[in-house]
Amino acid sequence: MYARSLLTFVLLAFCALSTVLASPPPHPSTNILSVTSPTFDSVYHVGQDVHVKISIVNGTAGALYKANPKVNILLQKNIRLPLLNVQVGSISARTLYHDGFKFKVDKKYLIKEQANVPFRVRTSFDLGTLGGFADSPSFKLVK
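Read left to right, the sequence shown gives residues 24 to 166 (my numbering).
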C-alpha cells in the first residue's frame, strides 16, 4: 500500500530533478551591457593590473545605470566548466561605467591543468527580471 505511493513520489522527484538539470544555461545580457575591456587576445603578466570596463546600452539613460545595482566581477577560464571561478571584486554599475575596475593578476590564477585555455571576466548583476551577466572577450594570463 505504501510502496505504490513511495514509488510515485520517487518517480515525480526524479522527473522534477531531471527537468531542472536539463534546463539550458542562461544567455548573456548583451542587451543591457557589454564588457569592453580586457580586449580579445590581450596578455597580462603576474603582478600586472587588468582593467575592466563596460558599456551600458543607452548609456546614462539605460536601466542598469538608473538602477545602479552592485556588479560582481569574476575571473574565469573561458570554457563551459572552468576550474577557476574567483570573485575579484564588486562595484556599483555607475562607478564601473565611468571609472572601470582593476584587479592585480595573482599567480594562483594560473592553473596547470588548463594552461592552454584563455580567461574571461564575467560581470553579473541582479536587476530583477533583467538581471544577468556579460562576458569579456578571451585574454591570457602568463607568468
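Note that these hints are calculated values from the structure, not bench results. Take the hints with a grain of salt, since some may be wrong.
Distance ranges between label pairs, derived from CB positions [what the hints assert, rightly or not]: (1) Asn54 x Arg103: 16 to 26 Å; (2) His121 x Asp149: 16 to 26 Å; (3) Ser113 x Lys89: 16 to 26 Å; (4) Glu136 x Gln110: 34 to 44 Å; (5) Lys93 x Ser161: 23 to 33 Å; (6) Asn81 x Lys135: 42 to 52 Å.
Glycine included, every Cβ here is placed at the ideal spot set by N, Cα and C.
The hints, checked one at a time:
no., hint, verdict
1, Asn54 x Arg103: 16 to 26 Å, "holds (22 Å)"
2, His121 x Asp149: 16 to 26 Å, "holds (20 Å)"
3, Ser113 x Lys89: 16 to 26 Å, "holds (19 Å)"
4, Glu136 x Gln110: 34 to 44 Å, "violated (21 Å)"
5, Lys93 x Ser161: 23 to 33 Å, "holds (25 Å)"
6, Asn81 x Lys135: 42 to 52 Å, "holds (43 Å)"
Of the numbered hints stated above, the single one contradicted by the structure is hint 4.
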